[in-house]
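Novice: Sequence:
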Amino acid sequence: MERKRILAIILCLTMVISIAGCSNTTNVQSKNQSQIVNVKNHKIKIKAKDWSEDGKSLVDVTYNGKYTGKMKKKKPFGKGKFVSKNDDNVKWTYIGEFKNGTFNGYGSTTWEKNKYVKEEGKYSDGAFTPTKVEHLQYENSYYENSKKSGYHSFYMSEKGLNFFKNHQNFFPIDMNNVPQDYESNIAGQFDYPQASKNISTFYDKLYRLSNLSVVQNSEYSEFGQTVTEMLCVDLNSDNPYYYTIFYFGSTPYVEGDTVHQIVFLPQCEGSFEDNQGGNTLCMFVVATEMN
130 MERKRILAII LCLTMVISIA GCSNTTNVQS KNQSQIVNVK NHKIKIKAKD
180 WSEDGKSLVD VTYNGKYTGK MKKKKPFGKG KFVSKNDDNV KWTYIGEFKN
230 GTFNGYGSTT WEKNKYVKEE GKYSDGAFTP TKVEHLQYEN SYYENSKKSG
280 YHSFYMSEKG LNFFKNHQNF FPIDMNNVPQ DYESNIAGQF DYPQASKNIS
330 TFYDKLYRLS NLSVVQNSEY SEFGQTVTEM LCVDLNSDNP YYYTIFYFGS
380 TPYVEGDTVH QIVFLPQCEG SFEDNQGGNT LCMFVVATEM N
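Read left to right, the sequence shown gives residues 130 to 420 (my numbering).
Accuracy of the hints is not assured; some may be wrong.
[Claimed, not checked] Heads up, simulated PhoX-like pairs for lysine-lysine below, C-alpha to C-alpha not over 20 angstroms straight-line:
{"no.": "1", "residue 1": "Lys261", "residue 2": "Lys247"}
{"no.": "2", "residue 1": "Lys261", "residue 2": "Lys208"}
{"no.": "3", "residue 1": "Lys176", "residue 2": "Lys203"}
{"no.": "4", "residue 1": "Lys172", "residue 2": "Lys201"}
{"no.": "5", "residue 1": "Lys228", "residue 2": "Lys210"}
{"no.": "6", "residue 1": "Lys169", "residue 2": "Lys220"}
{"no.": "7", "residue 1": "Lys261", "residue 2": "Lys334"}
{"no.": "8", "residue 1": "Lys169", "residue 2": "Lys208"}
Since the hints were made in silico from the structure, they are not lab data.
Start from the sequences, fold in the hints, and give me the full structure.
Specialist: Set out below in structure tokens:
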């Protein structure tokens, strides 16, 4: 009987301790939940990274503005919206994911004036760090809004973007590690007159071309990525067929050089203003290789 009484006392004590432990856990969860609050137009400073003027490296920046969304431990958290102004007093808005108190994850930044373009895609510690597909979409928006002199506006078709998404390892191609399906995606020699008639039938295949003369070459860094844009003319024909070539990476070419062979994804035909003030037709292509 005495042993049963002792066991009963031990069981009672165990239950009391267990109940106390459960009560503690509940308090902690409640405390954590109370740290997440919803705010609207909350004045805040956001510390972030942004690209330097040359587009090669990241620098520390602080943005002053108003935040709408969730906050955890007094920092933006989850999905939200942040509104601020740049040094030119132009209003800009970021809508998307937040983590560690800054832009992290998928989001988009838009500016009030049309001379600025939409940055939509991946953000890391506040900086826009687009994938190559998102980079192409940015370029499309850039040309559309800025009407960059010397080059025509280009359009990435849905077929072209899907091809690019499914074969990002083609852009550019690593000649030391060529994917097995690379050659099977090259349809053959590019025919400008045929493409000009119906470019949509060329959107989702790669094409070869040889002997292009470099007219202009522009190389720059953007979002930490080296990009080359070249204006070339076809030397194989009596007609001056021009190409605007977009390439992820650096090239050795300068004005007057010959690109002996190029493989590319054609996307649209447009025009650019020539030295005589007229418009010259030009095919926009995204290159996989040049040599």
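Novice: All hints are to be evaluated individually against the structure, with a verdict given for each.
Specialist: Hints, verified against the model:
1. Lys261 with Lys247: holds (15 angstroms)
2. Lys261 with Lys208: This hinted pair is violated, its Cα atoms lying about 24 angstroms apart.
3. Lys176 with Lys203: Given that 20 angstroms is the threshold and the Cα spacing comes to 13 angstroms, the pair holds.
4. Lys172 with Lys201: holds (15 angstroms)
5. Lys228 with Lys210: Measuring from Cα to Cα gives roughly 13 angstroms; hence the hint holds.
6. Lys169 with Lys220: Satisfied, since the Cα-Cα distance of roughly 18 angstroms is no more than 20 angstroms.
7. Lys261 with Lys334: Status holds; Cα separation ~18 angstroms.
8. Lys169 with Lys208: Answer holds: Lys169 to Lys208 is near 13 angstroms, not above 20 angstroms.
In summary, the structure is inconsistent with hint 2 from the numbered list given earlier, while agreeing with all the others.
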